[in-house]
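Asker: Taken in order, these protein sequences are the chains called A and B. Note that the first sequence covers residues 40 to 261 in this note's numbering. Note that the second sequence covers residues 3 to 214 in this note's numbering.
These are computed hints drawn from the structure, not numbers from a lab. Nothing here was measured: the structure is a model prediction, and the numbers come from that model. All residues carry an ideal CB built from backbone N, CA and C; glycine is no exception. Misleading hints may appear alongside valid ones.
So these bits of chain B aren't anywhere near chain A, every CB distance computed over 10 Å [to be verified]:
#1 Ser5
#2 Leu51
#3 Gly126
To spell it out: a stretch of chain B is covered by chain A in this simulated footprint if at least three of its residues, at any positions, have a beta carbon under 8 Å from a beta carbon of chain A; those stretches are [said to hold, decoys possible]:
#4 74–85
#5 150–164
#6 171–182
#7 198–206
With the C-beta cut set under 8 Å, the calculated list includes, among others, these residues of chain B facing chain A [said to hold, decoys possible]:
#8 Gly62
#9 Leu66
#10 Leu71
#11 Leu185
#12 Leu189
#13 Val191
#14 Tyr195
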Amino acid sequence: MNFEIVRAAAPQLAHGFVLTVEIAVCGSIGALAVGVAGAALRISPAPWPRRFATAFTEFFRNTPPLVQIYFLAFALPKMPGIGSHLILPAIVAATLGLVLHQGAINVEILRASLQAVPEGQREAAEALGLGRLDQLRSVLVPQAVRIGLPALGNNVISLFKNTTLVASIGVLDLFGEANDAIAQGLVSAELFITVGVVYVVCVTILGTLLRLLEKRLAFARA
Amino acid sequence: MHSYLSALPGLGRGLGTTFTIALLAMALAVAIGFAAGIIRAQAPRAIDLPILVVIEFFRGIPLLVLMYLLFFALPGFGIRTSNNGAAIAALALYAGALASEIVRGALVSIPFGQSEAGAALALGRFAILRDVVLPQALRRMLPPFVALFALIVESSSLSALIDVTDLLQAARQNVERDTDIALPVYLTVLVAYFVINYPVSLLSQRLEKRLT
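I would like the entire structure built from these sequences, with the hints used as guidance.
Answerer: Here it is as structure tokens:
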């Protein structure tokens, strides 16, 4: 094993790592926003918003994020008429693909969590004279978030791992930079092993932080 | 339009490859899952811990990095892998790690009284597992295993990036020849994945409701 090559590529890898973290943070926030908006539509009393949210969720949950990224990057600009306005920079197309896929999964998690809050809670809130919005904000959502937190956390981890897909359309994240270093002639198993270890360490740290957050937010048990 | 129609046979062949890869990876993942899951549910901590570390590694590493490791890095150690072989192996290891958690989770969810009752009937350790615990645990494993298959189909699209001619790679090749058909080709590919995975996800949800 010769890690000299890794040392030579280190500045390049560090540069890519920063981008990986940026994509993961923006992607997670975007996916959470999509999840909240989608779940709100899913529990709407009107049928059309509900149907739209269901169709969106099922489609983006059941198609590969990599294909979504390819669609956004290469197919969207070929849309007749409006295509020329839809040429997205690679990093935007890539992040958007991750947001759509992981966001659709979040919709499903949040919807299921809201349903898991006992019906009596809503009735109690109603009996206290709270309006629909206040019921959601002060009673239902805080409980639903705690129920859904482990699944939401897993989805953040899954998004972090999926950031590697952005390299496939030329974005220079950690994985993209590693490939770039190899394309410059530094063919090396050591480089891939190092990158793999970095991802595993990050995922482990992220997992530990999320479990701590779950513990902190857990209801005090009598 | 003509160009799009002439791309369809290639996409069909790609779909066949996607299916073959997904089915082989699923079979291997189930085998890995049962082996590792049963050992983890039964073994003392000294044996359980190293297996857990290996499982956490394969769960934590991004699938794409694992595929590249198997395809580009293994030859450096004198192990040559084909594109398809590396893709199947990476999917099997990743899904196998998830499968082992499914198996272990289902096994430990069966109340301990069941094993004790088996022991009271003078059944051996293996007989208790085979005749008492596993039949009950299998029902609980079924929904997550079906969902795992959908995940494998979806994840198999990454094999296009190590030049396996699966559905996505077939699309990429056709679009490379004629970029004007990018829209219908990628739309077809998205719909094809959806048509496979949506019924599989529905089945998993139905089973979950029926069996629990």
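Asker: Which of the listed hints are broken here?
Answerer: none
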